[in-house]
Amino acid sequence: LHLDHSFVKLEGKGPKDRPPPKPARCPDVSLIVQVEGFVCDCSKPEVLRVIGGIFLVLAHGVLRWADLQNANNVHLAPHAILGSSDMKRQGVRSWACLIVGFSKQDWGTSFWYLLQSFHLPSEFFFIRRFNSTYSGFLPGPASFTGMLNALRFFLCTGLSHCLLTSILLFQS
14 LHLDHSFVKL
24 EGKGPKDRPP
34 PKPARCPDVS
44 LIVQVEGFVC
54 DCSKPEVLRV
64 IGGIFLVLAH
74 GVLRWADLQN
84 ANNVHLAPHA
94 ILGSSDMKRQ
104 GVRSWACLIV
114 GFSKQDWGTS
124 FWYLLQSFHL
134 PSEFFFIRRF
144 NSTYSGFLPG
154 PASFTGMLNA
164 LRFFLCTGLS
174 HCLLTSILLF
184 QS
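Residue numbers (my numbering): 14 to 185.
Hints listed in this document are in silico derivations from the structure and should not be mistaken for laboratory results. None of the values given here were measured: they were computed from a predicted structure. One should not assume that every hint holds.
[As the list claims (entries may be wrong)] Pairwise CB distance ranges, derived in the manner of DEER restraints:
no. : residue 1 : residue 2 : range
1   : Pro33     : Cys55     : 43 to 49 Å
2   : Arg106    : Pro36     : 18 to 24 Å
3   : Gly104    : Cys55     : 37 to 43 Å
4   : Asp99     : Gln129    : 20 to 26 Å
5   : Phe157    : Asn85     : 14 to 20 Å
6   : Pro36     : Ala90     : 27 to 33 Å
7   : Lys101    : Gly153    : 18 to 24 Å
8   : Gly153    : Arg77     : 17 to 23 Å
9   : Gly153    : Glu59     : 18 to 24 Å
10  : Asn144    : Cys55     : 20 to 26 Å
11  : Gln103    : Phe166    : 40 to 46 Å
12  : Arg102    : His132    : 31 to 37 Å
13  : Arg142    : Thr170    : 14 to 20 Å
14  : Thr146    : Lys35     : 30 to 36 Å
For every residue, glycine included, the Cβ atom is placed at its ideal position computed from N, Cα and C.
Required output: the full structure, derived from the provided sequences and hints.
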């Protein structure tokens with residue numbers, strides 16, 4: 014058989030045959046405001062506040078998870094969290110995430126000092142793995158799947174009380 018014979022060709026395996034990727038939906042501004050308030054609230058569990066802060070860095074900094082997790086030279090500047098990452102198909106690029114959010118609260122400084130209390134970010138990655146109860150960290154870098162599960166846990170448990178309270182206040 015020749016390579017161009019229909020029995021030999023791979024169907025639907027080339028990049029031209031794939032549908033274009035769907036862009037991710039942006040989180041609603043009201044959700045971002047709720048998360049900013051949660052990160053600034055010292056009465057909330059610290060690890061959940063870290064997870065919320067990561068959500069905000071990704072949202073405000075318009076970053077992919079891999080870009081944040083593999084970031085270099087991350088530091089707090091007067092108005093932003095700054096870093097650089099080897100970004101997909103773009104090489105090393107600098108990025109900035111404003112620390113004052115839609116709520117006009119300085120969530121970024123609270124988040125940065127909270128990270129510092131856990132000796133993060135580390136030299137080789139931004140965040141360590143979470144333990145199974147999201148009450149602490151384990152050695153080694155957090156994976157995409159681990160972070161996705163942490164964000165789901167945060168949105169379902171950490172924010173549920175905040176969202177319920179705001180809905181009840183809005184209805185009254």
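Hints, one by one, checked against the model:
About 44 Å separates the C-beta atoms of Pro33 and Cys55, a value consistent with the hinted range of 43 to 49 Å. The given range of 18 to 24 Å is respected by Arg106 and Pro36, whose C-beta atoms sit roughly 19 Å from each other. Between Gly104 and Cys55 the beta carbons are some 39 Å apart, a value that agrees with the proposed interval 37 to 43 Å. The hint said 20 to 26 Å for the Cβ distance between Asp99 and Gln129, and at roughly 24 Å that hint holds.
A hinted range of 14 to 20 Å holds for the C-beta pair Phe157 and Asn85, which are about 19 Å apart. The hinted range of 27 to 33 Å is satisfied by Pro36 and Ala90, whose Cβ atoms lie roughly 29 Å apart. Range check, Lys101 to Gly153: about 23 Å between beta-carbon atoms, so the 18 to 24 Å window is met. Taking 17 to 23 Å as the suggested C-beta distance range, the pair Gly153 and Arg77 conforms, at roughly 20 Å.
A hinted range of 18 to 24 Å for the beta carbons of Gly153 and Glu59 is consistent with their spacing of about 19 Å. Distance hint check: the CB atoms of Asn144 and Cys55 are about 21 Å apart, consistent with the given range 20 to 26 Å. As the Cβ distance of Gln103 to Phe166 is approximately 31 Å, the hint placing it in 40 to 46 Å is violated. The supplied range of 31 to 37 Å is met by Arg102 and His132, whose beta-carbon atoms lie about 32 Å from each other.
Here the CB-CB span from Arg142 to Thr170 is close to 19 Å, well matched to the stated 14 to 20 Å. With their beta carbons about 34 Å apart, Thr146 and Lys35 fall inside the hinted range of 30 to 36 Å.
In terms of the numbered hints stated before, the structure departs from hint 11 and from no other.
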